[in-house]
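S.K.: The primary structure of each chain is shown beneath.
There are 2 protein chains.
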Amino acid sequence: MDERRLEYLIEEKKYVTLKRELEDMNEVDIADLLESLDIHTGLLIFRMLPKDLAVDVFNRFTVEQQRSVIELVNDKELKFILDELFFDDMIDIIEEMPANVVKKILLHSKEEERNLINQFLRYPPESAGSIMTIEYVDLKKHMTVGMALDYIKETGLDKETVYTCYVTDMNRKLEGIVSLRKLVIADDEATIEEIMDRDVIYVHTHDDQETVAGVFKRYGFLALPVVDKEDRLTGIITVDDIMDVIDQETTEDFQKMAAMSPTEERYLDASIFSLAKHRLPWLMVLMISATFTGGIVRKYEEVLQAVIVLNAFIPMLMDTGGNAGSQSSTLIIRGIALGEIDLKDAGRVIWKEFGISLVVGTLLAIVNFFRVYLIDNVGLTVSFTISMTLIVTVVMSKVVGAILPIIAKKMNIDPAIMAGPLITTIVDALSLIVYFAIATRILHI
Amino acid sequence: MDERRLEYLIEEKKYVTLKRELEDMNEVDIADLLESLDIHTGLLIFRMLPKDLAVDVFNRFTVEQQRSVIELVNDKELKFILDELFFDDMIDIIEEMPANVVKKILLHSKEEERNLINQFLRYPPESAGSIMTIEYVDLKKHMTVGMALDYIKETGLDKETVYTCYVTDMNRKLEGIVSLRKLVIADDEATIEEIMDRDVIYVHTHDDQETVAGVFKRYGFLALPVVDKEDRLTGIITVDDIMDVIDQETTEDFQKMAAMSPTEERYLDASIFSLAKHRLPWLMVLMISATFTGGIVRKYEEVLQAVIVLNAFIPMLMDTGGNAGSQSSTLIIRGIALGEIDLKDAGRVIWKEFGISLVVGTLLAIVNFFRVYLIDNVGLTVSFTISMTLIVTVVMSKVVGAILPIIAKKMNIDPAIMAGPLITTIVDALSLIVYFAIATRILHI
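Chains A and B are the protein sequences, given in the same order.
For the first sequence, the numbering used here begins at -16 and goes up steadily by one.
For the second sequence, the numbering used here begins at -16 and goes up steadily by one.
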């Protein structure tokens, strides 16, 4: 169904057809459709949905839409939604809602749940605890496979997270895991202890979500258990939530690498002032730093007065240096983020960048020499000065672009900060120093 | 177990302990450990592993290690590995191996399998077909749940991919899906037809892997069916493979945005010449483009001779413009990649960037004015000229940085190309034109 058909069915009041067609659709697509309607019509259709589906659809609404629904539904409906939502999704919603809506939500949850909510809200943002859910299947090792399957049938009805079951002891300590696949395949009489996997890989509630994403990527798991300081199982994280984390972490890297302070706000939802606030600080720092580069130009005013043509090649030298350095720093930053480049590789990386920069710099310098000498008709010695500077600039830029992210990593700063903008500012100053040094020597100014 | 313990156990020839401890470990960690050994000791330990685990470990080896193992094992061992590997993993390995190793692999596969391999190798790179696997559970709709579970027990032993089962008709056309969770929970006597989900979301063999990743992110699936042109089920893609695709596509974006042609080669594995080859073309194009900026400087030589101090602020203006433009283009490119920004949002985006740039540009200009006027002791009119240029430059940069990725998207070019380096080159030229235009008017040169 598309928006046109939806509108047609609503206009013609063909609600039975509408209901039937919606029931066959995926919740994500239904949520998208309903968002195209005004809130009251949307709520009307939303109420037609089978209750389980309605909760899934609710979970896929935008924050704005969720807020409207919570404000407009009656107490019984709200209670149903809250009861059926996965715990981690409920926490996400609570975190996004204004105070009056949160109050309405808390009013409709049981005391025990309220305590749990408060506990979850205390986990640091972007920690494993803040993204985990508490719905999982816990088995005991003395159970038989048949008992375990019956237990899953009874309790596991709404748990997407049923594919890995967790075996815990009396103190909730994690003893092993069993996949649903293993349970289905195993003999009904076998005990959980016999078929469980004891080599459990887990994370701690306070681990950073980036670390958790790394574990998922490394092992290709569908879910990962989360334990507290006393090694008790407190929740699990599922792979679909990790996909969001990966996107979020990558976006943060992109933002940092383009000299912005990171934010989770979606671009179109953010206000002009909020966006400006994230961009101004680094622009200011870099602007002030760039005046040092200006200082170098001022210091060599006489050289420029003497051979004014030198001035015209400053932008090209600065840009090429900046670009060459950005290439290197980007690859190194990404390599570090993916775990492909480690501190112990520092020597190899720098050596490699040195080699690459010699190759690239020399080729650029040759092309540049002929262009400046033959097309721009600049004199031989000046053309030579420019090309020599170009080689040195490219080599310096690439080596600096490689070293800075590694130093950052070593100092536990996010390497993403050592990207294009900062590298460019540093390399600009260096390339001008080299330019004037070579010029004064070769041209005897 | 860590490398030290491994070496100790090997040295002391405590093979029984070694074997027992390895068996409790995850295959990813075993593969890492074995890679620290020389190939012959590694192979010795590898052969100790239970066969199923050995195949999993083999699958996690690096290409280099896999090649050595294939070359060194005997025919029977190779046959076992090949039989037990998932089909998509085998295809990946074949694609990476040199010709003589591929020959050895093909020699040990059945004819029917050889045909399938050839068919798979013909799918375009980065297509859904090239990353799918052919191992999945296919059910018929007249089966009962009990029959289906028995069928899975019989055939599904080594299929990690068992959590979603596919219901096909006589012509292999996809009719529905059933999750293993539903099968376990459902009544044994129910038919598949009664419990299957008919709203199946699928992709085509020739769809781009980026599209496939988008579907996974949107719906949060664990697996996705792939159909051919005649809508027949030909394979499935699982979420763990998609995590690799997401990383790969993000790395490509990073590379393009830093003016490099994309490559899948890992940084440390790539040769200096291969890396240089991916970096040179854009550096060359941008270097030549930057000479136009130089041309502008040359054209205004007299202005600079008259007020030489203007020269010193060119680097700052160029850098700030480049940084401001990169911020905007990065956010827009990322927004487009995540599907958060669409062509229809173009107007809003440009308006937003205009607003942001006015706020940011004005604040930068004020700080700059006081800095230049009070600290650098530059005259009032020149200080004013510089600050005015700064505002105009920031506004232009941000608007250009926002428009170019959108235009690229509209023209079906990858927006990632319209990033920092290209924006900087364009904005450099624009900012100098503005600078000289304002200077000649205000300073009456």
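Please note that the accuracy of each hint is not assured.
No copy is singled out in the list; a pair is fine if it fits within one copy or between any two copies.
[What the hints assert, rightly or not] Result set (DSS-like, lysine-lysine): computed pairs, CA atoms no more than 25 Å apart in a straight line:
#, residue 1, residue 2
1, Lys239, Lys165
2, Lys34, Lys165
3, Lys136, Lys34
4, Lys87, Lys34
5, Lys282, Lys392
These are calculated hints, taken from the structure and not from any lab test.
Model, not experiment: these values are computed from the prediction.
S.K.: One pair to classify: Lys282 and Lys392, alpha carbons no more than 25 Å apart. Within, between, both, or neither?
M.R.: neither (35 Å within a copy, 45 Å between copies)
S.K.: Evaluate Lys34 and Lys165 at a C-alpha cut-off of 25 Å and name the case that applies: within, between, both or neither.
M.R.: between (32 Å within a copy, 18 Å between copies)
S.K.: Please sort Lys136 with Lys34 into within, between, both or neither, judging by C-alpha distance up to 25 Å.
M.R.: within (20 Å within a copy, 34 Å between copies)
S.K.: Quick one: Lys239 to Lys165, C-alpha cut-off 25 Å, is that within a copy, between copies, both, or neither?
M.R.: neither (44 Å within a copy, 44 Å between copies)
S.K.: Is it within, between, both, or neither for Lys87 and Lys34, if the alpha carbons may be no more than 25 Å apart?
M.R.: within (20 Å within a copy, 57 Å between copies)
When each numbered hint is compared with the structure, violations occur for hints 1, 5.
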